[in-house]
Amino acid sequence: EAGVAQSPRYKIIEKRQSVAFWCNPISGHATLYWYQQILGQGPKLLIQFQNNGVVDDSQLPKDRFSAERLKGVDSTLKIQPAKLEDSAVYLCASSLGTGTYEQYFGPGTRLTVT
Amino acid sequence: DAKTTQPTSMDCAEGRAANLPCNHSTISGNEYVYWYRQIHSQGPQYIIHGLKNNETNEMASLIITEDRKSSTLILPHATLRDTAVYYCIVRFSNTGNQFYFGTGTSLTVIP
Chain A
1 EAGVAQSPRY KIIEKRQSVA FWCNPISGHA TLYWYQQILG QGPKLLIQFQ
51 NNGVVDDSQL PKDRFSAERL KGVDSTLKIQ PAKLEDSAVY LCASSLGTGT
101 YEQYFGPGTR LTVT
Chain B
115 DAKTTQPTSM DCAEGRAANL PCNHSTISGN EYVYWYRQIH SQGPQYIIHG
165 LKNNETNEMA SLIITEDRKS STLILPHATL RDTAVYYCIV RFSNTGNQFY
215 FGTGTSLTVI P
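If you read the sequences in order, they're chains A and B.
Those letters in the first sequence? Residues 1 to 114, by this note's numbering.
Those letters in the second sequence? Residues 115 to 225, by this note's numbering.
The hints are simulated quantities; they were obtained by calculation from the structure and are not laboratory data.
Don't take each hint at face value.
[Claimed, not checked] Under the rule of at most 30 Å between Cα atoms (straight-line distance), these lysine-lysine pairs were calculated in the DSSO-like manner:
#	chain 1	residue 1	chain 2	residue 2
1	A	83	B	183
2	B	117	B	183
3	A	78	A	15
4	B	183	A	44
5	A	44	A	83
6	B	117	B	166
7	A	44	A	78
8	A	62	A	78
9	A	11	A	62
10	A	71	A	44
11	B	117	A	44
12	B	183	A	62
[What the hints assert, rightly or not] If you want the footprint, here are the derived chain B segments under chain A, 3+ residues with CB under 8 Å:
#	stretch
13	155-168
14	212-219
All values derive from a computational prediction rather than experimental measurement.
Quick reminder that beta carbons are idealized off the backbone N, C-alpha and C, glycines included.
Please model the complete structure; the sequences and the hints are all you need to start from.
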C-alpha cells in the first residue's frame, strides 16, 4: 500500500514569509497528525484530526500556524508569518483511528527560515 | 502520560543483540509502553508495544519488568540498517492521547 505522502520535501523561506505544507495520508486512515521536529529533539504533536474534525490542537501556535483537513482526507499546514524558530522538519502521520498504536509517518518537510 | 528516561547513545556490534533500556518509574497501571525508531531523514516507524507481558514480533522483543518501572527493547541480531534513534514512549492505549517522543537513544551499529 502507498505510504503517507508529503510535499514539498524541502523549503527555504525568509522570516515573515508564509509557507504551506501538504499531506496525503494512507487511504482509509481516519486520524491525521502534524508533528514538528526541531533538530536534536523528538517529534512534537502540533495538531490531530479525526476525519475532518480537530481532536487536539493544544500545542499549535495558533497566532501563526493553521491547519485544515477538508473532506477528511488531505491536509495542509500553514505558517504565516514564519519565524526563525520555526526551522524544523514537519512530519505528517496517519492511523486507522485515535486509539490505534501504530502511526504511519511520511518523510517530512524540512523547513529552513532565514 | 508518564515520562521516560533513556540513554542518549549506544553502540552495538553488527550481528550482536542490541539491548536498549528505558526507565518509566511513574508509569500507571493502564499505560502501555511503545517503541518507535527513526532512521536518519525518515519519519518514525512503529516497532512494538506492550502492557505487562513480554512481547515479540518480527522486528524486536520487548521485556517489561514485573513492577513495570522499566523495559528493554531487544534487537536480536543488529544490522547496519538498525542504526537509528529509538524512542520509548508510555501512554494510555485506547484514549487517543498523543505520543510524547522525548529525545530517544541514538543507536549506532558498528560493522
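Hint by hint, here is what the structure shows:
1. Restraint check: the Cα-Cα separation between residue 83 of chain A and residue 183 of chain B comes to about 40 Å, which exceeds 30 Å; the hinted pair is violated.
2. As the CA atoms of residue 117 of chain B and residue 183 of chain B are separated by approximately 11 Å, the hinted pair is consistent with the 30 Å bound.
3. Taken as a hint, the residue 78 of chain A and residue 15 of chain A pair is honoured in the structure, with Cα atoms around 14 Å apart against an allowance of 30 Å.
4. Distance check on the hinted pair: residue 183 of chain B and residue 44 of chain A sit about 24 Å apart at the alpha-carbon level, within 30 Å; holds.
5. With a CA separation close to 17 Å, the supplied pair residue 44 of chain A and residue 83 of chain A stays within the 30 Å bound.
6. About 17 Å separates the Cα atoms of residue 117 of chain B and residue 166 of chain B, which keeps this hinted pair within 30 Å; it holds.
7. Simply put, residue 44 of chain A and residue 78 of chain A have alpha-carbon atoms about 16 Å apart, close enough for the 30 Å limit, and the pair holds.
8. Using a Cα cut-off of 30 Å, the hinted pair residue 62 of chain A and residue 78 of chain A holds, with the two alpha carbons roughly 10 Å apart.
9. Among the hinted pairs, residue 11 of chain A with residue 62 of chain A is consistent with the structure: their alpha-carbon atoms are about 21 Å apart, no more than 30 Å.
10. A C-alpha spacing of about 25 Å is found between residue 71 of chain A and residue 44 of chain A, which places the hinted pair at or below 30 Å, so the restraint holds.
11. Straight-line distance between C-alpha atoms of residue 117 of chain B and residue 44 of chain A comes to about 14 Å, which keeps the hinted pair within the 30 Å bound.
12. For the hint linking residue 183 of chain B to residue 62 of chain A, the alpha-carbon distance of about 37 Å lies beyond 30 Å, and the restraint is violated.
13. Three residues within the 8 Å Cβ limit are the bar, and the stretch 155-168 of chain B against chain A gives 7, so the coverage statement holds.
14. Coverage of the stretch 212-219 of chain B by chain A holds [criterion: at least 3 residues with CB-CB distance below 8 Å; count 7].
The structure is inconsistent with the numbered hints 1 and 12, although it conforms to all the rest.
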